[in-house]
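Can you make the complete structure from the sequences, with help from the hints?
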Amino acid sequence: MNKRLLFLAVMLVVIMMMAASPALAGKTAPAPTVTITAPANETTVSGTAVTISADCASGGTGYTVTGVTYNIDSGANVAMSGPDGSASGTWTASWNSTTVTDGKHTITVTATNSAGKTTAQTISVTVSNPHANLLWSDYPTNCLSCHRAKFDEMYQAVHYQWSGNAPDMLNQPTVKQGKYMNAVNSYCINILGNWQICGKCHAGRGAEPVATTSPTDTQLKNIDCLMCHNEAYALDRDRLSDGSMGPKTTDTATLNSYVRNIHKPTKTNCLKCHAFAGGGDSVKRGDITWAHRNTGDSVFDVHMSTGRGKLTCQACHKFVNHKVTGKGSDLRATDYAAEVKCSNSTCHSTKESSTGHTTAAVNKHIARVACQTCHIPIYAKDASDSTANEATEIHRSWKEPSVSTAAPYHPPSTKANNLIPKYKFWDRKSYCGLIYDVLTMDATSMAFPTSYPNGAVNGPLGTKLYAFKYKTAEQPMRDANKVLIALDTKYYMLTTPDAVEATKRGLVNMGYSSTDAFSWVKTDTYQMLNHEVPTKDKVLACGTCHENTTQMKLVGELGYHLKNTKSTICTQCHRDKNWKGYVSGHSRHVDTQKYDCSWCHTFQRPEKGGTLPP
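Mapping to the working numbering: the sequence shown position 256 is 252, numbers consecutive.
Simulated from the structure, these hints should not be mistaken for laboratory data.
Treat the numbers as computed from the prediction; the structure is a model and nothing was measured.
No residue lacks a Cβ here, since even glycine has one placed at the ideal position from N, Cα and C.
Where hints are given, some of them may not hold.
Here are the simulated PhoX-like cross-link-like pairs (lysine-lysine), alpha carbons at most 20 angstroms apart as the crow flies [stated by the list, open to error]:
hint, residue 1, residue 2
1, K425, K337
2, K532, K347
3, K337, K360
Each pair of labels, with its calculated beta carbon distance range [what the hints assert, rightly or not]:
hint, residue 1, residue 2, range
4, N359, T137, 24 to 30 angstroms
5, R304, D232, 27 to 33 angstroms
6, D512, G352, 52 to 58 angstroms
7, T436, D533, 39 to 45 angstroms
8, G352, T302, 24 to 30 angstroms
9, S120, I193, 45 to 51 angstroms
10, T355, A128, 51 to 57 angstroms
11, V535, A334, 25 to 31 angstroms
12, L307, T440, 34 to 40 angstroms
13, L554, R304, 27 to 33 angstroms
14, S563, V434, 30 to 36 angstroms
Structural data, given as structure tokens:
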């Protein structure tokens, strides 16, 4: 009896082990999978910090990836960083390509799983390090000697000139416009008199840009190539005591490393300026933050997160001859005319067609509602893996005393997180204020606008409903001619935060008398939102907009009110009736009976092909 029980016990243990281990059950343990995502196969690499990245998976349920390594030309294996012990993930490493000769080389990434199985993938790259022996003392002369054509391109680009042609502006579209010349905003008003601080984000080496089609070598050498083409340099760069822009370090080896390690612009290069516009992280844009540099939070931003889209800035903002595509509604100058489209040959290729979405009701909105409107329900979010507060500024008062205790002094401001956008129809043209413009108060907001999108519900096809950041400011206006005063922000920020004295100095900078009377007025601005798109489960639902006024007020603010009383509208065709609901009423009149919107509203939708009223 005891032997029989012992036999049964042993068999039970064996069965349990077989269930737990596919290998014991007679099944072959699966091999892991490896996909090298960077660098691309047959690409050219250079520098001391080439990123090697690979997506790896265990190969089957119940297994994990225990380690990932890389080697160069079948040499020694080097461990990569990643989620060892996970079923899948991304592993990365940084490789110094200057340790090998220029020419063809192989990179092999090998993954090992908990069953002891391995899988390897190999790619070929061409190493080219023409900068390996450059010296900091020759910068930027050596750059210019080889890349003069690129210097000429960059010199004329908006990133350097900070101004350019403004065909999309309704206000003086034939005049060159931009932050360096004449633009005003509801933040620091204008940079007049404050190149020392505002110019820190200029892609130059300290001098102000000069608008000319025939720049001298001295003018070309003011271009700071490394600001965009070396991450470490961009983080080290600051205004120096002699007024120039350059690295704070004086270590020769470090300085030489900057000119020897050149790469395409990274998110770090871009965000060093764009995330901190307005005086701090996320202050100005509300949808561009320092967290975008390396966040893995896909709900924060599905496109730029390392866990999902992994997109760089240039994935959308393509550069052509150093001119960048894409700009917000409040940016005056157009650098490269092409528009950044959510739906193109490589991304979301069908989503802007009338059948691109699986829901018919959504497809009906495509012609008149921008992607951002539904896909950015809130902005100024905090990334879950960042300790920073990504609140954005919604009001700034230059009139009130500064709360700063040391320079640089800043005016008091109100910031907030998780904001619902303001919605406006936009035809891709904008009104943006210029210095010396006579201010006109908006009757609805009771503020003087510095930028607002042009468009209305009855606009032509191409006009769409967009999502915007809205913010206000308290700023000085010269009483005699009602123009905004570009108060001297350099004096305010670096000397004394005295708004009255800074305003008087601003009057002088503008050519007026310091004794001219002025008043404090409210200004406002709209800024297009494009970033911080969350995962698709966060998209706005139909009822969020059509049966609710928390997200947006279609009737009260956006023009969807009835053109007359309900009874008058109904009796155009039949007696006065009450709908069983919004969806039912619209489906019957628009989808079934094919009536145009103008039967009930003050606008038409000719693209729908509906019957117009007599």
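Each hint tested on the structure:
1. K425 / K337: 16 angstroms, holds
2. K532 / K347: 13 angstroms, holds
3. K337 / K360: 19 angstroms, holds
4. N359 / T137: 24 to 30 angstroms: Check failed, 57 angstroms falls outside 24 to 30 angstroms.
5. R304 / D232: 27 to 33 angstroms: 31 angstroms, holds
6. D512 / G352: 52 to 58 angstroms: Holds: the Cβ-Cβ distance is about 57 angstroms, inside 52 to 58 angstroms.
7. T436 / D533: 39 to 45 angstroms: At 43 angstroms between Cβs, range holds.
8. G352 / T302: 24 to 30 angstroms: 28 angstroms, holds
9. S120 / I193: 45 to 51 angstroms: With a Cβ separation near 47 angstroms, S120 and I193 satisfy 45 to 51 angstroms, so the hint holds.
10. T355 / A128: 51 to 57 angstroms: 56 angstroms, holds
11. V535 / A334: 25 to 31 angstroms: 27 angstroms, holds
12. L307 / T440: 34 to 40 angstroms: 37 angstroms, holds
13. L554 / R304: 27 to 33 angstroms: Once the Cβ atoms are compared, 32 angstroms apart, the range 27 to 33 angstroms for R304 and L554 holds.
14. S563 / V434: 30 to 36 angstroms: 45 angstroms, violated
Of the numbered hints given earlier, the model fails hints 4, 14; all others are met.
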